[in-house]
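Undergrad: In the order they appear, the protein sequences are chains A and B.
Using this note's numbering, you'd call the opening residue of the first sequence number 1 and step up by one each time.
Using this note's numbering, you'd call the opening residue of the second sequence number 1001 and step up by one each time.
Be aware that a few hints might be false.
What the hints assert, rightly or not - Below, in silico cross-link-like pairs of lysine-lysine (DSS-like), each with a Cα-Cα straight-line distance of 27 Å or less:
| id | chain 1 | residue 1 | chain 2 | residue 2 |
| --- | --- | --- | --- | --- |
| 1 | A | K73 | A | K149 |
| 2 | B | K1222 | A | K124 |
| 3 | B | K1163 | A | K73 |
| 4 | A | K209 | A | K222 |
| 5 | A | K81 | B | K1222 |
| 6 | B | K1163 | B | K1073 |
| 7 | B | K1081 | B | K1149 |
| 8 | A | K163 | A | K149 |
| 9 | B | K1222 | B | K1149 |
| 10 | B | K1163 | B | K1149 |
| 11 | B | K1209 | B | K1222 |
| 12 | B | K1163 | A | K124 |
| 13 | A | K163 | A | K209 |
| 14 | A | K81 | A | K149 |
| 15 | A | K124 | B | K1073 |
Unchecked claim - If you anchor each label on the Cβ, the simulated ranges turn out as follows:
| id | chain 1 | residue 1 | chain 2 | residue 2 | range |
| --- | --- | --- | --- | --- | --- |
| 16 | B | V1042 | A | P131 | 49 to 59 Å |
| 17 | B | S1225 | A | L207 | 54 to 64 Å |
| 18 | B | T1157 | A | P137 | 15 to 25 Å |
| 19 | A | Q84 | B | V1101 | 31 to 41 Å |
| 20 | A | P137 | B | L1037 | 52 to 62 Å |
| 21 | A | Q84 | B | T1141 | 28 to 38 Å |
| 22 | A | A80 | B | S1035 | 44 to 54 Å |
| 23 | A | K73 | B | E1173 | 51 to 61 Å |
| 24 | A | K73 | B | N1223 | 51 to 61 Å |
| 25 | B | H1041 | A | K209 | 40 to 50 Å |
| 26 | B | K1209 | A | G159 | 33 to 43 Å |
| 27 | A | Q177 | B | A1132 | 28 to 38 Å |
| 28 | A | Q144 | B | G1213 | 24 to 34 Å |
| 29 | B | G1213 | A | Q84 | 50 to 60 Å |
No lab work stands behind these hints: they were computed from the structure.
All figures in this text were calculated on a predicted structure; none of them were measured in a lab.
Note that beta-carbon positions come from the ideal geometry of N, C-alpha and C, so glycine has one too.
Number of protein chains: 2
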Amino acid sequence: MSLAFKLDYLGTAFHGWQRQPGIPTVQAALEDAFSALTGQHVPFIGCGRTDAGVHARSYIAAARTACLIPLAKLPLAMNAKLPQDISIREAYLVDDQFHPVFSCNTKEYTYTIHNGRVRNPFYKDRALFVPAELNYPAMCTCAQEFLGKHDFSAMRTLGSNVKTTVREIYAVELSRQDALIHIRIRANGFLYNMARTMAGTLLYAGLGKLMPGDISAILTEKNRSAAGPTLEAHGLCMTGVWYSEPYAVLSTAQDQF
Amino acid sequence: MSLAFKLDYLGTAFHGWQRQPGIPTVQAALEDAFSALTGQHVPFIGCGRTDAGVHARSYIAAARTACLIPLAKLPLAMNAKLPQDISIREAYLVDDQFHPVFSCNTKEYTYTIHNGRVRNPFYKDRALFVPAELNYPAMCTCAQEFLGKHDFSAMRTLGSNVKTTVREIYAVELSRQDALIHIRIRANGFLYNMARTMAGTLLYAGLGKLMPGDISAILTEKNRSAAGPTLEAHGLCMTGVWYSEPYAVLSTAQDQF
């Protein structure tokens, strides 16, 4: 059996998920905490390599090891060793076949825009500040053009090797809450910088720089230069990852008493 | 005429409102930004001396000076010189009789408790984490005993000179939102640490350490040791300050387009 963990992290203080020598990363923090707690030096495998400044809620990481600490006590024991920016919410036993990336069937990213007149310090490092009036209905309309299976070559940054640039988008849901606009994207997978570029393209739709029909054309033509910009990392949060049975339980969230 | 500003700040990076030599404070940041912008070195007077780590929304500060920059452009011009943790939302012209403290008739503080099983990194520095089950209805019931005019000697920390320890509480409103409990207190004024001690006393009610009737008795007997603890600064936010006419306009808030 292996261990799996569900965790939240505020990405601001980290240089992303992946361990790199000499700088703080989420993976290193987890491996170091587990080592301090159990004496075992084992690699943690994450459900995605988030970039520097990107946040996560209900992130799943796994380690192929046993642990003498009871599962129910493991989250709090790990949290005592982890920085305040990371919190393990649940620990699970999974069989060795489980892999946080390859067992996953759906992932969700949420990009948050603070669309106000004046910057708000409470959104610092958590939302992209856009002090221009946005056409929110136009953003909602254009977002639907992303739905379905497409080649997303126009919505990625080169730099990673992938077998295919085709991904299927299950949902793009926009919501407004005070001056915040949340763009929630669920897909079977994301290319490098794809969520941030999709958000930037919807921002262009909100600014009137793209019209209905343009996103479909950009996807078909694989025209990266006609798409919107890759928005800054700090507005992005990985907000969910779903697994096929028997791992579906990993995606439940319970925080309240 | 004088200038008045409405601002928000995230208190985490500051050693409170009041200027102190060699350490970052909100007052110093405002005075330095105004000086960098206009060349004028003038003192800024705040509506309250918040402690290190305490946040504020719709805080009012004033400076007895004129300014050649148009009022409508002053907030953005100041924000360009201020750290990201502070944001000026509005600037006003007020007559020289206006004083952020003495012209004020009502102030509001909100204390936020994260009442969950596991800590949440997104609430770090913004809410007090209490991982014990709380009796929320009991907290709501006991809160009503604070209403009205009382001697609040039992709910303060010594260390400031005040003419009277009598204050009038206009409202204590509790609300729940996911795992957060907000305790919103409106009064004609607050003694040193009074909001944090009232919140600590309501936390004791939630933990079953105080019963209905106890708060009234503590106030009457001026019994500081029977009250709850002074909760940590990072859960506290000054959330409003109201002025008598003709300054009532200072308390309006508009952020959305």
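Undergrad: Honestly, which of those hints from before does the structure not fit?
TA: Violated hints: 1, 2, 3, 5, 6, 7, 12, 13, 14, 16, 18, 20, 23, 24, 26, 28, 29; rest satisfied.
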